[in-house]
Every structure is written in structure tokens, then in C-alpha cells.
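Q: Could you put together the complete structure from these sequences and hints?
2 protein chains.
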Amino acid sequence: MSRTSWTTKRDEKTRRLKSVAHLMNGAILKNRDIVEALELLLQPGDRVVLEGDNQKQASFLSEALSAVSPSRVNKLHMIMSSISRPEHLDVFEKGIAEKIDFSFAGPQSLRVSQMIEDGTLKIGEIHTYLELYGRLFIDLIPNVALVAADKADRSGNLYTGPNTEETPAIIEATAFKDGIVIVQVNEIVDELPRIDIPGSWVDVVVEADKPYQLEALFTRDPKMITELHILIGMMTIRGVYEKHQVKSLNHGIGFNTAAIELLLPTYAEKLGLRGKIATNWVLNPHPTLIPAIESGWVETIHCFGGEVGMEQYVAARPDVFFTGRDGSLRSNRAFAQVAGQYAVDMFVGSTLQIDKNANSSTVVSGRLAGFGGAPNMGHDPKGRRHSSQAWLDMITSDDPLAKGRKLVVQTVETFQNGNTPVFVDSLDALEVAKQANLATAPVMIYGDDVTHVVTEEGIAYVYKAEGEEERRQALSAVAGVTPIGRASNAKIIQSLRERGVVAYPEDLGIQRTEARRSLLAAKNVKDLVEWSEGLYNPPAKFKNW
Amino acid sequence: MSRTSWTTKRDEKTRRLKSVAHLMNGAILKNRDIVEALELLLQPGDRVVLEGDNQKQASFLSEALSAVSPSRVNKLHMIMSSISRPEHLDVFEKGIAEKIDFSFAGPQSLRVSQMIEDGTLKIGEIHTYLELYGRLFIDLIPNVALVAADKADRSGNLYTGPNTEETPAIIEATAFKDGIVIVQVNEIVDELPRIDIPGSWVDVVVEADKPYQLEALFTRDPKMITELHILIGMMTIRGVYEKHQVKSLNHGIGFNTAAIELLLPTYAEKLGLRGKIATNWVLNPHPTLIPAIESGWVETIHCFGGEVGMEQYVAARPDVFFTGRDGSLRSNRAFAQVAGQYAVDMFVGSTLQIDKNANSSTVVSGRLAGFGGAPNMGHDPKGRRHSSQAWLDMITSDDPLAKGRKLVVQTVETFQNGNTPVFVDSLDALEVAKQANLATAPVMIYGDDVTHVVTEEGIAYVYKAEGEEERRQALSAVAGVTPIGRASNAKIIQSLRERGVVAYPEDLGIQRTEARRSLLAAKNVKDLVEWSEGLYNPPAKFKNW
Chain A
1 MSRTSWTTKR
11 DEKTRRLKSV
21 AHLMNGAILK
31 NRDIVEALEL
41 LLQPGDRVVL
51 EGDNQKQASF
61 LSEALSAVSP
71 SRVNKLHMIM
81 SSISRPEHLD
91 VFEKGIAEKI
101 DFSFAGPQSL
111 RVSQMIEDGT
121 LKIGEIHTYL
131 ELYGRLFIDL
141 IPNVALVAAD
151 KADRSGNLYT
161 GPNTEETPAI
171 IEATAFKDGI
181 VIVQVNEIVD
191 ELPRIDIPGS
201 WVDVVVEADK
211 PYQLEALFTR
221 DPKMITELHI
231 LIGMMTIRGV
241 YEKHQVKSLN
251 HGIGFNTAAI
261 ELLLPTYAEK
271 LGLRGKIATN
281 WVLNPHPTLI
291 PAIESGWVET
301 IHCFGGEVGM
311 EQYVAARPDV
321 FFTGRDGSLR
331 SNRAFAQVAG
341 QYAVDMFVGS
351 TLQIDKNANS
361 STVVSGRLAG
371 FGGAPNMGHD
381 PKGRRHSSQA
391 WLDMITSDDP
401 LAKGRKLVVQ
411 TVETFQNGNT
421 PVFVDSLDAL
431 EVAKQANLAT
441 APVMIYGDDV
451 THVVTEEGIA
461 YVYKAEGEEE
471 RRQALSAVAG
481 VTPIGRASNA
491 KIIQSLRERG
501 VVAYPEDLGI
511 QRTEARRSLL
521 AAKNVKDLVE
531 WSEGLYNPPA
541 KFKNW
Chain B
1 MSRTSWTTKR
11 DEKTRRLKSV
21 AHLMNGAILK
31 NRDIVEALEL
41 LLQPGDRVVL
51 EGDNQKQASF
61 LSEALSAVSP
71 SRVNKLHMIM
81 SSISRPEHLD
91 VFEKGIAEKI
101 DFSFAGPQSL
111 RVSQMIEDGT
121 LKIGEIHTYL
131 ELYGRLFIDL
141 IPNVALVAAD
151 KADRSGNLYT
161 GPNTEETPAI
171 IEATAFKDGI
181 VIVQVNEIVD
191 ELPRIDIPGS
201 WVDVVVEADK
211 PYQLEALFTR
221 DPKMITELHI
231 LIGMMTIRGV
241 YEKHQVKSLN
251 HGIGFNTAAI
261 ELLLPTYAEK
271 LGLRGKIATN
281 WVLNPHPTLI
291 PAIESGWVET
301 IHCFGGEVGM
311 EQYVAARPDV
321 FFTGRDGSLR
331 SNRAFAQVAG
341 QYAVDMFVGS
351 TLQIDKNANS
361 STVVSGRLAG
371 FGGAPNMGHD
381 PKGRRHSSQA
391 WLDMITSDDP
401 LAKGRKLVVQ
411 TVETFQNGNT
421 PVFVDSLDAL
431 EVAKQANLAT
441 APVMIYGDDV
451 THVVTEEGIA
461 YVYKAEGEEE
471 RRQALSAVAG
481 VTPIGRASNA
491 KIIQSLRERG
501 VVAYPEDLGI
511 QRTEARRSLL
521 AAKNVKDLVE
531 WSEGLYNPPA
541 KFKNW
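Protein sequence lines correspond, in order, to chains A and B.
Quick note, the first sequence lines up with residues 1 to 545 if you use UniProt numbering.
Quick note, the second sequence lines up with residues 1 to 545 if you use UniProt numbering.
I should point out that these hints are in silico values taken from the structure, not numbers from a laboratory.
Fair warning: this is a prediction, and the values are worked out from it, not measured in the lab.
If several chains are the same, the list does not tell them apart, and a pair holds so long as it fits within one copy or across any two.
Calculated lysine to aspartate or glutamate pairs in the EDC-like style (CA-CA distance at most 20 Å, straight line):
no.	residue 1	residue 2
1	LYS434	ASP398
2	LYS9	GLU299
3	LYS403	ASP448
4	LYS356	ASP398
5	LYS434	ASP399
A: Set out below in C-alpha cells:
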């Protein structure tokens with residue numbers, strides 16, 4: 001009754017590794033042999049995970065992959081967190097790969113859309129990060145993983161250091177299902193600062209010709225923060241953080257949240273909120289959080305990944321950050337996403353479009369940008385069972401089975417770049433879904449998950465609205481002169497303000513004229529460096545002094 | 001501006017480790033010194049994670065902890081997945097610990113309730129597993145971890161082998177925030193079969209006097225499966241698995257799901273469903289799944305943990321299970337929970353009470369049992385963005401933004417043990433919440449997350465019901481002669497059956513008399529051993545031949 005073999009995957013792995021034995025010295029492959037090795041280790045139709053977190057890219061391996069012969073390696077099914085580099089898409093144009101499952105495509109979103117239209121690229125599904133990692137263990141189990149680490153020793157043990165990110169998740173799914181794990185490292189050394197991944201999970205290590213690509217994605221120059229950002233930030237601090245006593249949270253990467261970070265040690269300090277709000281974070285090491293950390297606002301931060309230039313600062317602040325015995329940051333995207341979903345009380349983010357029901361998306365016409373971590377952080381986790389003050393504060397019903405919910409806060413200006421309305425009748429995502437032939441529209445955060453929308457006009461406490469129509473009215477009350485905003489009704493707004501479903505600055509004790517750049521704890525990157533006592537070392541493009 | 005020290009946690013760790021230096025030989029502590037070492041390594045008020053998965057217990061360390069002097073170690077805040085052993089609660093009676101955050105308390109649930117009433121035990125919060133792991137990185141960061149592994153080498157590298165479970169998650173949160181990691185191992189060896197945890201994450205290794213406790217929690221003897229279980233199983237296969245073409249799934253541990261597992265190679269095979277349903281699983285290695293695996297039903301299984309007796313069988317089936325280079329199972333509870341939440345289309349479980357709105361709980365009067373993984377698996381993950389046939393099949397609206405949802409299936413007999421009604425007017429959980437002073441009632445799965453309820457009477461497709469009242473009617477239609485069932489209305493039921501909101505066996509083409517034990521692929525544990533070609537080695541208590 002039993003089938004002939006239960007070890008087909010393992011046998012195939014053994015066969016493939018044997019085929020490159022002549023190129024290997026233990027676990028080490030010479031970098032000039034990488035293309036030949038990939039041609040031997042990959043088979044047509046393989047599922048290949050290529051590491052591209054949003055910051056850290058296995059750039060040597062992605063270049064090598066795009067150099068293999070499509071007559072030998074083709075029809076690959078690529079799995080990637082982030083489509084970030086040109087060769088991530090070149091492999092499709094060259095006929096090496098044909099299908100992709102991914103999470104985020106920021107820098108390449110325009111080209112992704114075009115290639116779908118041309119039929120060069122077949123989309124599997126678009127995911128939030130954690131969802132994609134989950135599928136690596138169920139129905140997207142990889143045949144081959146191409147990942148990046150800082151250093152390896154000669155036994156193949158890996159040091160991923162400050163930028164551990166998603167490397168452990170990818171390797172685990174591959175290594176323990178008889179897939180082949182190929183790692184590019186910046187350096188092969190005799191002794192590692194610490195071991196992040198044991199050598200027995202790794203098959204091939206190759207020293208790259210240059211360090212893996214690493215982008216400073218979470219660095220926001222305070223110089224770019226406007227008084228509008230500051231006004232939104234002040235309202236959010238008073239009307240959300242203070243009102244609900246939010247202690248654990250995650251911030252997106254926009255200027256609105258950067259403004260909040262820089263207002264904590266000044267504006268929020270004057271309100272007497274230190275220790276009462278925003279103490280426990282899940283967040284990349286945002287440079288704009290340095291003043292708050294130095295002022296004693298921040299108890300702990302668990303990081304999804306590192307941030308270029310923050311290495312020394314983080315290493316010098318182990319009471320706040322998670323670090324290893326060697327002193328450097330430990331980031332782990334999978335655990336940070338779990339914590340960001342289940343263990344923090346609030347997500348604060350921004351978006352490009354919001355419809356009348358508070359559905360939002362960053363997928364706009366002609367750009368299939370994907371989601372990243374926002375859908376995971378920006379929803380109420382229905383499996384959550386623990387309570388906290390902020391979470392319980394969201395209860396609006398007197399049902400004895402009522403439970404709290406996560407605060408999901410959208411902070412946006414009513415117009416992008418001053419002229420494109422953020423509040424729209426219908427999301428472009430609907431049109432994009434049709435063009436890309438997606439089964440569902442690529443909505444980033446669904447309206448029924450959103451609790452607060454903050455604009456320069458005020459705050460809509462949408463979680464408090466009774467019924468769909470009142471939700472829409474609350475939203476239109478803060479939507480300014482956008483199409484949605486113009487539909488608002490002064491009398492209804494007045495009643496919503498009285499019931500606390502909408503608050504304008506004056507309702508929160510804020511004067512619009514107070515919102516000045518002088519409130520920012522740091523006005524520019526140089527200030528951040530000074531706050532850090534010289535430990536923060538910003539990338540060249542942020543240095544202009 | 002900066003505070004005096006940013007390394008208080010690290011300095012304290014160094015101080016504590018120095019205080020036991022005289023007892024240590026490298027990373028190794030002699031087992032007779034464990035109590036003294038714990039008295040030196042622990043401080044009053046510490047947050048201590050004690051590993052108690054539901055199967056695997058750090059039993060040597062929990063016994064040692066309960067032997068420390070409460071005058072030296074007290075006011076501990078315990079964090080435990082599972083309250084399973086008597087000494088897990090003894091430490092509270094002895095004044096060593098005072099507060100607990102946990103997930104599951106099955107075997108000790110009665111005593112937990114009593115101790116809360118007596119004021120001996122202070123409950124923090126009750127969690128689903130993944131939620132608890134998330135909090136280890138945010139607001140429940142441990143000072144000390146007490147965990148269990150199979151083997152260590154003299155450098156402190158660990159082999160957790162088939163029972164990796166939650167060890168990596170606990171160690172990561174502790175080791176990388178300057179906490180102290182103490183590990184009991186069954187054996188210290190010169191060379192490990194593979195490295196699961198690098199030694200640089202581990203502080204103290206102690207060889208236990210006997211192997212850690214390991215329970216065969218997922219073993220269901222086919223002999224105990226009744227014709228009622230089989231009838232429910234047949235209906236579930238036809239009316240849920242086949243109807244919605246469900247390929248990826250998780251099963252709970254009850255007899256209803258064991259029956260389904262044993263019906264796949266017989267009943268479902270006859271229906272021609274092999275390869276069409278139930279191919280990709282997240283599941284402990286259930287012995288009752290052996291016949292389905294051997295018959296080619298199962299493509300892959302990712303495991304939360306191991307199962308006693310299944311080690312050899314799993315090692316011989318690497319095409320199906322995740323295994324390491326040494327050949328033994330790799331389980332990882334954190335990743336399996338992520339996959340179980342986000343990457344599978346269906347959860348099928350059972351419960352002790354269901355109310356008229358389909359809310360359910362295993363917390364019943366006087367027993368604070370907690371949740372385990374059910375809330376995580378048994379809800380619709382709002383962050384999910386990928387689609388599948390089964391998921392899309394749940395769409396009932398024509399809103400262009402409509403998306404699919406996870407199938408959350410409750411399979412229950414209308415009466416427990418033949419006389420306690422499962423369908424009740426009000427959950428005992430409400431009363432328990434009051435007694436234990438919980439902020440919210442301990443509901444395991446909320447009614448609005450449930451899509452199907454299957455009983456021996458039929459299937460309620462509650463996701464299809466229009467409005468709350470119709471949902472209740474659908475539920476009552478399958479609730480038999482329980483108080484809820486007696487409230488049903490024959491005319492409404494008829495209309496619900498016509499619209500496919502309710503299905504009775506005859507609607508599914510099933511005759512009640514077909515439900516016979518002869519349909520089971522294995523009738524007893526011995527049959528399972530035979531199916532496994534002798535590779536499954538059941539624990540003594542299941543061997544009676």
C-alpha cells in the first residue's frame with residue numbers, strides 16, 4: 001500500500017548538492033562560481049525564496065540569478081517579501097522565472113504593473129509579511145532559499161547581526177524540508193561575533209563581491225516635517241495616545257509619525273505624559289526616536305530589522321533595544337510581526353487613498369505596491385484574549401461578551417502633495433484588481449478595522465460611530481475639501497462633536513497656531529546626531545552639514 | 001541629558017552569573033546544585049518564563065523552582081504556556097511566585113480556579129499561545145527562562161530534536177534582552193545530532209536527573225471512536241471539505257477530527273476526493289493520520305510539536321514532515337501557529353459549550369482551562385490578503401471590496417457524555433469571568449468567527465445566515481434536544497434547508513445507518529502500528545495487545 005519512496009525531496013537535494021561538489025570547499029563556494037552553481041542547484045519550476053526584506057537585499061545572489069541561462073533554469077516560482085531591485089524583475093523578462101508571490105513592491109511597483117499588463121509576470125498572491133512566512137510552511141514550501149548574512153565561519157554558521165530580519169524564517173522553512181539554503185555573506189571569518197543561524201541549517205556559503213544592499217528606509221529627515229505634520233501629531237498625541245493611555249505601539253514610517261516621535265520629549269512632556277504613554281514599542285530603530293529615548297520616554301523597542309547608521313547607537317542602549325552577547329542589535333522580522341499583531345495596543349500609519357467607508361490602500365492607479373506589514377499590524381487581531389487599558393477603552397457596547405480592540409489609527413493630510421485628494425469616492429485598488437486579474441481588491445487596511453482617522457482638520461473616532469452612515473459622516477467631517485469632505489453636513493458634525501465622535505483641534509485644547517517647528521525636539525539630522533552623543537552615524541545622503 | 005546607565009539589565013545579568021561562577025564548569029551546572037543556583041540567579045519580582053508547552057515540560061527545573069527558599073526568591077511573575085504540573089501551582093502556595101500569565105491550564109484548571117478564589121494566585125491575563133509569545137518581546141520581557149532540551153554539548157549548544165516546540169521563541173526573547181537562559185537537558189554529549197539553538201544564546205545547562213516530562217496528548221485511540229463521531233465526520237467531509245474544496249487545514253485533538261482522519265482513506269477515497277481536499281496540514285503528528293499518509297492523501301504536515309511514539313515514523317517520512325539533516329522532526333510552535341493562523345484555510349475543532357450566538361468556550365464552571373492555540377487558529381485573520389478557492393467560497397456579499405474568510409468549523413455532539421447539553425443559553429465563562437475578576441469573559445471562539453457548526457443532527461452554515469436571528473435559527477436547527485435546539489421552528493428550518501443554510505444528513509446524501517465503525521481505516525492502536533509498518537511505537541498505556 002505504501003509508495004515506493006518517502007525521501008524523494010531529500011534524494012533530490014543530495015543529487016543536486018553532489019552536482020556542485022567539485023565547486024565546493026566544505027560549505028564554501030568561490031564567488032566566481034556562483035552562476036554555474038545556481039545552474040546546477042536550481043531546476044525548472046523550482047519554488048525559490050529570494051531574500052529581499054524591505055531594507056536588506058541578497059543583491060549578489062539576485063544578480064547571479066539573473067545571469068543564469070534560461071535554457072537551463074526556467075519557469076521558477078519566485079517568493080519574495082519585497083520586489084526592490086531591477087534584477088528581481090529582469091529574471092521574468094529573461095524567462096528564468098514566471099510566477100511571483102510577494103508582499104511589497106514599493107520601488108518597482110510601476111514596472112510590476114506594466115509587466116502584468118504585458119503578460120511577462122504572473123502574480124500568485126500579494127501578502128502581508130507574516131502571512132507569506134506562514135505559507136512557507138504550508139503551500140509555498142521552498143526548494144531553494146537565496147539569502148544574505150553579514151558573516152559566516154568556515155562551518156557555515158551565520159552571523160546576521162543587526163539585520164537579522166527575515167533570514168531565520170526563510171532558512172527554517174527551507175532547511176527543514178530538504179530544500180537548499182544558499183547564503184551570500186559580506187565576509188568569511190574564523191570566529192563569529194555570535195551565531196545567529198547554525199551551520200547545520202546551511203548548504204552553500206558564498207562571499208559576495210560587495211556587501212549586500214542595505215537601504216536606510218526608516219530615516220526621516222526632521223527638516224522635511226511641516227507644521228501640518230506637527231498639527232496632526234499634536235492632535236494624535238492628545239486625542240488618541242493620551243485619551244486612551246496607549247502604552248504599547250507601532251509606528252509606520254511617514255512624516256506624521258516622525259513628527260509624533262519628535263514631539264514626545266517636548267509637547268507631550270509638557271502635558272506630563274512621560275511614562276504614561278508610548279513606553280513599549282515594536283519598530284525599526286527610527287533615528288527620529290532618539291530624542292524620546294534619550295529623554296527617558298522609551299522603555300523597550302523590539303525591531304523588525306536594523307537601520308543604517310543606527311548600529312552604534314543601538315549597541316550603546318541595551319536597556320532599550322534587544323541585543324546579543326556581542327552587543328549588536330537582534331532584529332527578527334517574524335517575531336516583531338507577531339508582537340506587532342498581538343502584543344501592541346496601537347498601530348499608527350498613513351496611506352495614499354481612503355474611501356468613504358475608511359477602506360484604504362497604497363495601491364494606486366498603475367502601481368501595484370503591495371502591503372508590507374501594514375495589514376498585519378493594522379487590524380484588530382481576533383485571536384487576542386489579553387486586555388489592557390487602551391484595548392478595553394475601545395468597548396462601546398454593554399454586551400457582557402464585549403471585548404476590547406486594537407487601536408488602528410490612520411494619520412493623513414487630506415491632500416497628498418497639496419493637490420491629490422486622499423479621500424476618494426472609490427479606491428484605485430478596485431481598478432487595479434481588474435487589470436491584474438486579482439481575486440480580491442488590494443485593500444491595505446479595511447475600514448472596519450480602523451478606529452481613528454486623523455487629518456489636519458481633526459479626529460474621526462470612527463469606532464464610536466453608530467452605524468455605517470454615521471461612520472461616513474464622521475469621516476467626511478475630517479476630510480476637508482476633498483470630494484468626501486464636501487459631502488459633510490454642519491449640523492450633523494456639530495452633534496458628532498458633542499458626542500465625541502469627531503474632535504477638532506479646539507475640542508482637544510489645541511490652537512492651530514501652536515503647531516510650530518520649534519516644538520520638534522530635533523529640527524534636522526544633525527540635531528539627531530547630537531542627541532545621540534555622536535553615536536548615530538547617518539548615511540551620506542542625510543548629511544549636509 | 002542622558003541617564004547614568006543604559007546597561008542596567010546587562011550589568012545585573014553579569015552580576016548574577018558571577019554569583020554562580022563557583023558552581024559552573026563553563027556553561028554546565030551540576031544537577032545537585034540547581035536549587036542553590038536558582039536562589040542566586042533569581043531575584044524577587046523577576047518575570048520568569050517556565051517552559052510548559054502542552055506536551056513538553058521543563059519538569060526538573062519546575063521541581064527545583066518549587067524547592068527554592070521563599071525568603072530568598074519570592075513575588076515571581078510566572079509566564080507559562082501551560083499550567084500542567086502540580087509544582088506549577090505549588091510555587092504560588094509556597095509564596096515563591098504571586099502572579100501568572102498563561103495560555104492553557106487543562107490538567108490544573110480546577111486547582112487554578114480554587115486558588116484564585118482563595119487569593120493564592122493572581123491571574124495576569126489568559127492568552128492564545130502566539131499572543132503570549134508576542135508579549136515576550138513587548139511588555140512581558142523575561143528576566144529568566146527555564147526551558148527543556150533533549151541534549152546539549154559542552155559549549156551549551158542545544159538539540160531540541162522532535163520536540164522543539166516553543167523553546168526557540170522563549171530563549172530568543174530572553175537571551176537577546178539580557179535575561180538569563182537556564183536549560184535542563186536529558187543528556188550532555190560531545191557531538192549533537194544537529195544544533196537547534198546556538199550556545200551563545202544559552203547561559204546555564206544542567207543535566208536533569210530524568211528526562212523531561214512528555215505527554216502523548218495528540219494520540220486518540222480509534223477504539224473510542226463512536227458511530228456518532230463517524231456520522232459527524234462523514235457530514236463534515238461531504239458538507240464542508242468537499243463542498244468548499246478545502247486543501248490546507250488544522251485539526252483539533254478531539255475524537256470527531258480523529259474520526260475524519262480515519263475516514264479519509266476509506267469514505268472520502270470512495271468519493272474520489274484524494275488530492276482534492278486535505279493535502280497540506282499544520283498539525284502535531286497525530287497517529288490517527290497514519291493511514292491517510294500511507295494512502296497518499298497527505299502532501300505535507302508542519303508540526304507544532306512532536307508526539308510520543310511517532311519519532312521513528314516521522315523520521316521515515318521526510319517527504320511529508322519537516323525534518324532536520326539528522327532525520328528527526330523539526331517542530332516549531334511559533335511558526336506553526338503563524339501558519340495555522342494565516343496560511344491554512346480551515347480550522348476544525350470542538351468545544352464544551354456553545355451559546356445561541358455560536359460563541360463557545362472550554363472554560364466551564366469552576367475550571368479556568370484557558371485557550372491554547374484555538375483562538376489563534378479559530379478566527380478569521382483580518383490581515384490575510386491571499387486568496388484560495390475555499391477562502392473565496394465564503395464570500396456571501398456582492399460588494400466589490402468583499403473578501404473571503406477562513407473556515408472555522410465547530411464539530412460537537414449536542415450533549416457531552418450523553419447528558420450535559422453543549423448548546424446552552426449562556427456560557428459559564430461569564431460567571432467564571434466574574435469570579436476570577438477578568439476584564440473580559442474567557443470566550444475561546446467568538447460566534448462571528450465561526451462559519452460552520454456540525455453536530456450529529458446536521459450542519460449549520462452560519463456564515464450564510466442573513467442577520468443574527470437567522471443565525472440563531474440555523475444553530476438551533478442542529479442543536480438537537482438541548483435548550484437551544486428546542487427553540488427551533490420546523491417551518492423556518494425547512495426554508496433554511498432549502499437555501500442551504502442548514503443541511504441534514506439526507507441533504508448531503510448520507511444515510512445515518514451508513515455511519516459504522518467498519519468505515520474506519522484503523523479500528524484500534526494496533527491497526528495504526530500496522531499501517532505504519534511498525535514504525536509507530538505507541539506509549540505503553542495505548543498498548544493492550
